[in-house]
Amino acid sequence: MIKSKKNGEHYYWGDNCSGWHMAKTESLSIIEELMPPNTQEQKHYHLNAQQFFRILKGIATFEIEDEVIHVVNGEGIHIPPKTKHKIRNDQSEDLEFIVISEPTTRGDRHQETS
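Residue numbers (my numbering): 1 to 114.
Derived by calculation from the structure, the hints in this document are not laboratory data. Just so we're clear, the structure is a prediction, and the values are computed from it rather than from any experiment. Where a beta carbon is used, it is the ideal one built from N, C-alpha and C, also for glycine. Worth double-checking, as some hints may not be accurate.
[Claimed, not checked] Cβ-Cβ distance ranges computed for the label pairs, FRET-style:
id: 1; residue 1: S27; residue 2: E93; range: 32 to 38 Å
id: 2; residue 1: M1; residue 2: I69; range: 20 to 26 Å
id: 3; residue 1: D15; residue 2: E67; range: 32 to 38 Å
id: 4; residue 1: Q40; residue 2: E75; range: 17 to 23 Å
id: 5; residue 1: P37; residue 2: M1; range: 29 to 35 Å
[Said to hold, decoys possible] Once the Cα atoms are required to be at most 30 Å apart in a straight line, the calculated BS3-like pairs of lysine-lysine come out as:
id: 6; residue 1: K24; residue 2: K43
id: 7; residue 1: K24; residue 2: K3
id: 8; residue 1: K82; residue 2: K57
id: 9; residue 1: K6; residue 2: K24
id: 10; residue 1: K6; residue 2: K82
id: 11; residue 1: K82; residue 2: K43
Put together the whole structure using the sequences plus the hints.
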């Protein structure tokens, strides 16, 4: 089946951020996401899942462990399991990206504890 934002299962997360499931199985998750300006998620990690973020529009600011990395449209970044991370949109325009998780992150998200 051809998938797009028009027919993908939609959900809201964080502060008015959106996600559309393109693939949703126990072994693979592919989500197209949109983060409005000046939004962010909480720093977390996954015990089992690795993730790859591909930026479609905008500039993503990642906090990975103790490093800040900027990823621009057309670029991507791989996050191995057990790596503390978060994504932010510090820009004045929407941030759009694809996040691929293998296996799924459902039930595998753990908030960072200081």
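Checked hints:
A hinted range of 32 to 38 Å for the beta carbons of S27 and E93 is consistent with their spacing of about 34 Å. Take M1 and I69: their Cβ atoms lie about 34 Å apart, and the range 20 to 26 Å is violated. A beta carbon spacing of about 24 Å between D15 and E67 contradicts the range 32 to 38 Å that was offered as a hint. The hint said 17 to 23 Å for the Cβ distance between Q40 and E75, and at roughly 19 Å that hint holds.
In this structure the hint that P37 and M1 lie 29 to 35 Å apart at CB holds, the actual value being about 33 Å. For the proposed pair K24 and K43, the alpha carbon gap of about 23 Å is at most 30 Å, so the pair holds. For the hint pairing K24 with K3, the CA-to-CA distance comes to about 11 Å; that is within 30 Å, so the pair holds. Distance check on the hinted pair: K82 and K57 sit about 27 Å apart at the alpha-carbon level, within 30 Å; holds.
Using a Cα cut-off of 30 Å, the hinted pair K6 and K24 holds, with the two alpha carbons roughly 16 Å apart. Between K6 and K82 the CA atoms are separated by roughly 33 Å; this puts the pair beyond 30 Å, and the hint is violated. Simply put, K82 and K43 have alpha-carbon atoms about 12 Å apart, close enough for the 30 Å limit, and the pair holds.
Figure legend: structure checked against the earlier numbered hints; hints not met, in rising order: 2, 3, 10.
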